[in-house]
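Q: Sequence order for the protein chains is A and B.
Residue 3 is where the first sequence starts when you use this note's numbering, and the numbers rise one by one after that.
Residue 30 is where the second sequence starts when you use this note's numbering, and the numbers rise one by one after that.
Don't read these hints as lab results, they were simulated from the structure.
Do not take every clue at face value.
Rough simulated footprint, nothing fancy, chain A against chain B, three-plus residues with beta-carbon under 8 angstroms [to be verified]:
| hint | stretch |
| --- | --- |
| 1 | 60-69 |
| 2 | 74-85 |
| 3 | 115-127 |
Far from chain A, by Cβ distances over 12 angstroms, these chain B residues were calculated [unchecked claim]:
| hint | residue |
| --- | --- |
| 4 | G88 |
| 5 | E91 |
| 6 | K107 |
| 7 | E112 |
| 8 | T130 |
Quick reminder that beta carbons are idealized off the backbone N, C-alpha and C, glycines included.
Listed below, chain by chain, are the residues.
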Amino acid sequence: AQSVTQLDSQVPVFEEAPVELRCNYSSSVSVYLFWYVQYPNQGLQLLLKYLSGSTLVKGINGFEAEFNKSQTSFHLRKPSVHISDTAEYFCAVNGRGTDKLIFGTGTRLQVFP
Amino acid sequence: DAGVIQSPRHEVTEMGQEVTLRCKPISGHNSLFWYRQTMMRGLELLIYFNNNVPIDDSGMPEDRFSAKMPNASFSTLKIQPSEPRDSAVYFCASKPTGARTEAFFGQGTRLTVV
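Only chain A is shown next, with the shape it has when bound in the complex (with noise of 0.2 angstroms):
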């Protein structure tokens, strides 16, 4: 089984900030990870995944996700946000060999002026 922890329910930050948002997994198989963006009022659109290979993977809007295997997370980050970003952000994780996708509970991004 796997699972999903995003503890930090609500990130604000300031205009140009950077900022990370957390990620910790647990699995008893290998995993695939991602991240999905959702704005007001809509559903789930993807950011960026991590499949195999650079632990460094960059997605749209300028955010990146590093996988770390030993501390099984995958934290978001970006090194300077924008009002525009303010939305709720899910981490997910498909274990190897399902298509069982598992989200977290979610980090709103607050973004001020």
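We have chain A already, so just place chain B on it with the hints.
A: Coordinates of chain B only, in the frame set by chain A:
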């Protein structure tokens, strides 16, 4: 493709009534998922199908909830009878089969049970 299509977008119903949520996945996607989103519990996986067959329904909260996928282009989630605690946003998502693939989400159905 128009993406994953859910209907209705909003549903308000009285406690005890039957509610049916509908989903049309992206053509060619073999896997379909139903999620429920609430403030308290985040995004919970209720059930998922592969090639129209339910694979894992361990997230379905009670027998009041049921889901079907009669063909590759249509799925329903039914709640009977509905209760106020079922109020949430319900999302349908689809993707090609495989753990590496991206899931595409519908816009969701906001259900309010009064």
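Q: Look at each hint and say if it fits the structure.
A: Evaluated hints:
no.: 1; hint: 60-69; verdict: holds (count 3)
no.: 2; hint: 74-85; verdict: holds (count 5)
no.: 3; hint: 115-127; verdict: holds (count 5)
no.: 4; hint: G88; verdict: 10 angstroms, violated
no.: 5; hint: E91; verdict: 20 angstroms, holds
no.: 6; hint: K107; verdict: 21 angstroms, holds
no.: 7; hint: E112; verdict: 22 angstroms, holds
no.: 8; hint: T130; verdict: 8 angstroms, violated
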